[in-house]
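Participant: Chains as they are written, first to last, in the working numbering: chain A, 1 to 409; chain B, 410 to 820; chain C, 821 to 1054.
You may find that some hints are simply not true.
[Stated by the list, open to error] A few chain C residues that don't get close to chain A, going by computed Cβ distances all over 10 Å:
hint, residue
1, Asn871
2, Leu904
3, Val932
4, Arg1025
[Said to hold, decoys possible] If we take Cβ atoms under 10 Å as the criterion, some of the chain A residues that face chain C in the derived model are:
hint, residue
5, Phe55
6, Thr56
7, Gln64
8, Leu306
9, Gly307
10, Pro402
Since the hints were made in silico from the structure, they are not lab data. Quick reminder that beta carbons are idealized off the backbone N, C-alpha and C, glycines included.
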Amino acid sequence: MNITLRMAWRNLWRHKRRTWITVSAMVFSNLLLVFMISLQFGMYRMMIDNTLKAFTGHTQIQRQGYNDDPKIRTSIDDIVILADDVRDSLGSKEVAARGISFAMTSSEQRSYGLQIVGVEPEYEPNVSSLPGLVKQGRYLADMDAEEIVIGSVLARNLRVKVGDELTLLGSGREGSIAAGIVIVSGIFESGSADIDRSMAQVPLGYFQSLYNMDGAGHTIVVNTDEISRVTELQSRVAGIIPANKQLEVLNWEQLQPGLKQAIQADMASAWFMYAVLIVLVAFSVLNTQLMSVLERTREFGVMMALGVKPTRLGSLVLTETFLMSSLGLSIGIILGIALTYYLTIAGFAYPGMEEMAERFNLPARMYPSLSVLSILLGPGIIFICSLVAAIYPATRLFFLQPVIAMRAV
Amino acid sequence: MTALPIKSIFILAWRNLWRNHRRTLIMLAAITVGAWAMIFMTALMRGMVDDMLLNGIRDLPGEVQIHHPEYRDDPSINNSLGAADEQLVSVMEQPPVTAWTQRVRVPAVISSERESRGVTLIGIDPASETDVGFDAEDVKQGRFLIDADDKGIIIGAKMAERLETRLGKRIVIMSQDPDNNIADRGFRIVGIYKAKLASLEEMYVYAGIGTVQKLLKMDGQVSEIAITGDDYRKVDAWYPRIKQAAGDDKQVLPWYEADSYLGSMLAVMDGFVLVWMVVVFLAMSFGLVNTLIMAVFERVREIGLMLALGMRPATILSQILMESFLLLLIGLLIGNTLAILTIMPLQDGIDISIVAEGMEMMGTSSMLYPALKLQDVILANAVVLILGIITSVLPAWRASRYDPIEALNKN
Amino acid sequence: MSSIVCKDLRKTFQQGDETITGLDHVSIEIAEGGFVCLSGPSGSGKTTLLNAIGGLDTPDSGEVTIGSTRIDQLSKGELADMRLNKLGFVFQAYNLIPVLTAQENVEFVMQVRGVSAEERAKLSRSILQEVGLAGMEGRRPSQLSGGQQQRVAVARAIVSQPALILADEPTANLDTHSSAQLMDLFVKLNEHHKITFVIATHDVRVMRYAKRLIKMQDGKIVSDELQEQQPMAV
């Protein structure tokens, strides 16, 4: 082993307690960061997955302007044919067309204004988790059947059960009256009271005749297996759809800007907190290394008298910091992984979290997700900042006068 | 020379502190950053939660609400209440209750010539409503409702856009009367409001309570009674009285039960603030301990000399604790000042509208107003000072236990 | 090649309000292969003169020439290179690097000079043997006596085969026996390797070894005479 490295290592242990305390500061912050960042990543992923799986999907084809201002007339003509084309071109079954409108929905006893979604019964289960959550009755089957599936809260509020009739009353595409009677074929329980209260699905063919859509619909959901490849998917789909129909392909960030922004806002506040921790660790390192340089003034003086240049002494101090930070990094990461891994299995909850979690489509227990990035990101930054903090003590060596330094106690 | 007077200990500690001014300054910087971060971050968080709660309570509305026992699960016209009786009114007129109002709130469909949408139709009494829920200032075009029998309707700006309609136009409201007959009626849009949370503009439309009751054949019935006091944190002081006066056949809920998300928010925040402060302190404490250990280490001979001269170990201990105390105190002073100086210019709000839709998911608006609370400042200072002194005891105690001869001979 | 010529050196220090004259127009020539003692009470200027010759300190005025090099005109980096490659230093005791073993202390200077690991190990062992420390290569300074430590320092100084060794109070903190051993080592190196020695000291035991004894006081040379070496019996 190189003498400088050996020297640096032994220098670290001249003040065992001080070195361990500084290493502990790093371990503490590294442990915390590995856990927090893994938790954040896990949480964001779940927020995105749960929100998108329930309804939005990864990308959607829409008529331009529909996303900002969803009007019944801002529609896609011959939507089923277009959906088939997209399915063929992509070679993927995760494509489904929808029509969306509103209706006053009445049972014998109650009436509620509802969002009515027309879906392709064959393909909708491929893009959304809702069809799989039907707990009573069955999901829609026939493209033109006069059927409806509704959420469990809505069923309770409307006081209907499977097999009962509902009357739909709304306005059609050209301002015509849209009125029809449908049979409740299934009742789903998504777990989100909001969705269970406000969502109703009918077959797309029936939707088109009810609202006088003449074969048109409003959106085609296109999903992918891997959400990280959504941009790739978006451009592929954009290449498939006809250019002259004023269509556009939107990804989930555009469809659900709130989700993205909630994550960004959370990220920003989290990183403010991490930055404070990192700065405090850097101060610890700065203080320790400055002390270690100052108390060795005489020793450094001797080395300089022997002809060793300040750059070499500076690199010795940086090597010491490097070793110390590596120690903090590895112990911190090991403990961080151990703690986080335990929590990925056991889950994690704190009082009051359930209510907050529901708001963001999260389960009541959170499971951090460990990845190379979530493990290395925080500790890596602390490592770099520690080295940066040692620069000031190291530069002090350039101002050392050997004759004076040797006289120091 | 046995026990030194506190003044001498102070002077010794003060001078020792500045013997190695670089180290002291770095540690001061760390304490300052820590204290600043504790107070600043807490003020931001508090500001956000305050905003969330005030918005939320205004939106509920009211700090306490009275409903038909089944209304909350099934917000239908069939689950209505009789208007407040004399006994209830007399309780609601007592301080600290500041205002109360009655509302009809039913699901409805709103249609313009071009579009229709599902909404919640709210029948309000304009005179009392503004003290509890809807803010008349939010009406940006046209006017607010004049009285309970006003024939006009107020809709949100976003809703007007969706319906492709505007002030002065007519829209049709469709809802259900108690016999499940569809009741509809045309309204003229007399006002358009803007809400802090844009999503609300699409959710609620407001009409006179009398007009709505007549339309829905409610015969003086209401959906909810909303009551507000002077401070939402102190609602427990008076809500049991209301509950008693309302009788067993009604559901009376304070805001934190009516919206469990809001309710959990306060407790979660308090917990978060404490955890945050302790975490920052811990990150800082390593440096503090190191600084003290070093300060003691370089003075071993000196401490040995003092002990040899007959100074009591307790004096050494208190001198080192005093050094730590002074260090913490100065750091806190600068940290507090810095926190106040950075929060002051932000009193007019921080524009976070780039993540407005995200903040809306959390229930806050796009302006963040930091809320500097005395109790948080005290908590931050107490955490640093008390835990800081406790952390300093070990190095100080070790120093006071030195053997004078050994210490003197230490190289 | 390594004759030393100092011309009219002047150096003052500021201590509080007082100005102290370290060197007061000192001129001196030291021939190659000399064994010179600079003596005098503390504050007489002997260390200042030694530092000026070693390029550790630059005089306010005057010239220092070693061999053919005007070292008062070199940059800091050039001075460091010169010290590393051409000069050996032996200071007061406790000037080894405490975390390195005897052998590593000797090797350290070689490593800085870029000597290969193999060469370093070979050279440092033979030099430690020469200074009488065979078998103690692996000890840390704290495990060596004062005399042994100084011999490690000598080994470190001669490892670059310098033509000139400067020593500042090398026997301070050493007992009589260790001092004699150290001085005998100096004499041996002076005779066998033709290394020039300049030793600043106020230890009379050391002065007896000098071939030339220069006495200084208040920054001036007060006497400069040649003498017979009188080694002590060990």
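Participant: For which of the previously enumerated hints does the structure constitute a violation, in increasing order of number?
Facilitator: Of the numbered hints given earlier, those the structure breaks are 1, 2, 3, 5, 6, 7, listed in rising order.
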